[in-house]
Amino acid sequence: MNLIAIRSIYVFEMSRWFRTVLQSILSPVISTTLYFVVFGAAIGSRFSDVGGIGYGSFIVPGLIMLMLLTQSVANASFGIYFPRFTGTIYELLSAPVSYLEIVLGYVGAAATKSIILGLIILATAGLFVPVHILHPFWMIGFLVLTAATFSLLGFIIGVWADGFEKLQLVPLLVITPLTFLGGTFYSVQMLPPAWQKVALVNPVLYLVSGFRWSFYGIADLSVAVSLGMTLAFLAVCLAVIAWIFKTGYRLKT
Amino acid sequence: MQSIIAIAGLAKTYAPRPPMGAFEALKSIDLDVRRGEIFALLGPNGAGKTTLINIVCGIVTATSGTVLVDGHDNVAEFRAARSRIGLVPQELHTDAFETVWKTVSFSRGLWGKPANPAFIEKILKDLSLWEKKDNRIMTLSGGMKRRVMIAKALAHEPQILFLDEPTAGVDVELRRDMWALVRRLRDSGVTIVLTTHYIQEAEEMADRVGVISAGALIVVEDKTTLMRKLGRKQLTLHLHQRIESIPAALGAHALELRPGGQDLVYTYDTNTDRSGIAALLQDVGAAGIRFTDLQTKESSLEEIFVSLVSKRS
Numbered sequence: 000m001n002l003i004a005i006r007s008i009y010v011f012e013m014s015r016w017f018r019t020v021l022q023s024i025l026s027p028v029i030s031t032t033l034y035f036v037v038f039g040a041a042i043g044s045r046f047s048d049v050g051g052i053g054y055g056s057f058i059v060p061g062l063i064m065l066m067l068l069t070q071s072v073a074n075a076s077f078g079i080y081f082p083r084f085t086g087t088i089y090e091l092l093s094a095p096v097s098y099l100e101i102v103l104g105y106v107g108a109a110a111t112k113s114i115i116l117g118l119i120i121l122a123t124a125g126l127f128v129p130v131h132i133l134h135p136f137w138m139i140g141f142l143v144l145t146a147a148t149f150s151l152l153g154f155i156i157g158v159w160a161d162g163f164e165k166l167q168l169v170p171l172l173v174i175t176p177l178t179f180l181g182g183t184f185y186s187v188q189m190l191p192p193a194w195q196k197v198a199l200v201n202p203v204l205y206l207v208s209g210f211r212w213s214f215y216g217i218a219d220l221s222v223a224v225s226l227g228m229t230l231a232f233l234a235v236c237l238a239v240i241a242w243i244f245k246t247g248y249r250l251k252t
Numbered sequence: 000m001q002s003i004i005a006i007a008g009l010a011k012t013y014a015p016r017p018p019m020g021a022f023e024a025l026k027s028i029d030l031d032v033r034r035g036e037i038f039a040l041l042g043p044n045g046a047g048k049t050t051l052i053n054i055v056c057g058i059v060t061a062t063s064g065t066v067l068v069d070g071h072d073n074v075a076e077f078r079a080a081r082s083r084i085g086l087v088p089q090e091l092h093t094d095a096f097e098t099v100w101k102t103v104s105f106s107r108g109l110w111g112k113p114a115n116p117a118f119i120e121k122i123l124k125d126l127s128l129w130e131k132k133d134n135r136i137m138t139l140s141g142g143m144k145r146r147v148m149i150a151k152a153l154a155h156e157p158q159i160l161f162l163d164e165p166t167a168g169v170d171v172e173l174r175r176d177m178w179a180l181v182r183r184l185r186d187s188g189v190t191i192v193l194t195t196h197y198i199q200e201a202e203e204m205a206d207r208v209g210v211i212s213a214g215a216l217i218v219v220e221d222k223t224t225l226m227r228k229l230g231r232k233q234l235t236l237h238l239h240q241r242i243e244s245i246p247a248a249l250g251a252h253a254l255e256l257r258p259g260g261q262d263l264v265y266t267y268d269t270n271t272d273r274s275g276i277a278a279l280l281q282d283v284g285a286a287g288i289r290f291t292d293l294q295t296k297e298s299s300l301e302e303i304f305v306s307l308v309s310k311r312s
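Protein sequences, first through last, are from chains A and B. According to numbering that gives the first Met the number 0, numbering within the first sequence proceeds without interruption in unit steps and concludes at 252. According to numbering that gives the first Met the number 0, numbering within the second sequence proceeds without interruption in unit steps and concludes at 312.
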């Protein structure tokens, strides 16, 4: 294991982020604040409690998940796409590093960034609504697991994309809709029965449900199912990455 | 002496990318690079030079064949093989937003070497980059970026340095600096493999030369042997008066009359003991042809190269 190389990639990626840290943090914090103003204060005040939790508090875990997913995908996909775009990937490919080390460096950095952002958003949310965390251990567990899984997905997208348009396409067309339809702002039980069935195919539903449970102890689905689905999704991403590196897909000719 | 790079039966066919069909870039290359030498790979654009280098370095996957780097298979033992190699690619691929210092230190880390600021400092000073160490790479000139690429390749103390077209688009001063550096590296025991299509460079720098054309190695030879073996000399007689055709009296000699009728060119092999010059001059005198000037010229590597490549195609 080339630990120095993993650390080098990780530090390099993190410093890239810190260079523009203000933008990186400001934009998610502002959009979260907007969500609170619109959903929490303007609309939310007309809602009754959801499962005994005030609506503003209810959406906190979903909002953190929304940011976690989009930021993980964005950071990780850009992190690996950028060297492909500039050509500096030559160095990575000619270095004595294994694919596992490359993934650990890039995905580790991307996941760290989105976890930091998730915690910042949690702190921001605390300014607007009462937030309590029933199971902090599980909360962190879901946070890390989700960040890692979607950073892996982002890595896959960054390898697959052959232009900046495609890099935007998946987050825009897939991740955002899935998040909005995954019970971020509502309980799935509010949906008509037929749509409840449809919602079950959405992997984000399991993440939000499990994450919300770690906060308030209420969930649309059982925690074990949530955890199982998250792990399954992680396994799928890992398998795809293993295949990418085995075949050299879009990295080597 | 064991060769530091041993390439056997190396072939590469690029998969078809519509509308282009499959492309055979390398056809079964066998090549040994000796430890400590400067080896120049010569060839026209598209001959397969970069493909060959990229396979050795691990950027391109070979279709068949093997590469041993200091005895280590470059696929099965990629760590051992790659840790010995530094690569300066042809294109200027740099992290525009990073500083010189960071990007060069990053390269060292990527190769698993513990940080060594003193060593990085030495490299940057050697390459006249020290004053620019905190500059972002995007603010540097093309020549400076090329130096950064070299610094990155040297940051992990490689035993073999690949320079892919190192002097393409480089000014005279940098070229001179670069060759001085290459010589210093060679003196310290580093093996250098460079590609170029400037033959003068190979002629000036290399110990051995390989000529590659259309994916095949045509010849691999000591530079001096190659020049002796394939080199020709030309004797040019500048005549006092122009002539219409070569006089019959000189028919026995392989002469060529240049357009204009004032230069007679005699081409001869450098290898033969009897060049035939004396006989020629005697006959020229006997035919009553007077000449005002006489010069001889040895063919350059460039001419050898052109004749080799054109002979094949």
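Don't read these hints as lab results, they were simulated from the structure. There may be inaccurate statements among the hints.
Said to hold, decoys possible - Selected chain A positions facing chain B (Cβ under 8 Å, derived; list incomplete):
#	residue
1	A4
2	R6
3	F11
4	S44
5	F46
6	S47
7	G50
8	R83
9	G86
10	E90
11	A94
12	T111
13	G247
14	T252
The C-beta atom is built at its ideal place from N, Cα and C for all residues, glycine as well.
Going down the list of hints, with the structure as the test:
no.	hint	in the structure
1	A4	5 Å, holds
2	R6	7 Å, holds
3	F11	5 Å, holds
4	S44	45 Å, violated
5	F46	45 Å, violated
6	S47	50 Å, violated
7	G50	47 Å, violated
8	R83	10 Å, violated
9	G86	3 Å, holds
10	E90	6 Å, holds
11	A94	4 Å, holds
12	T111	18 Å, violated
13	G247	6 Å, holds
14	T252	6 Å, holds
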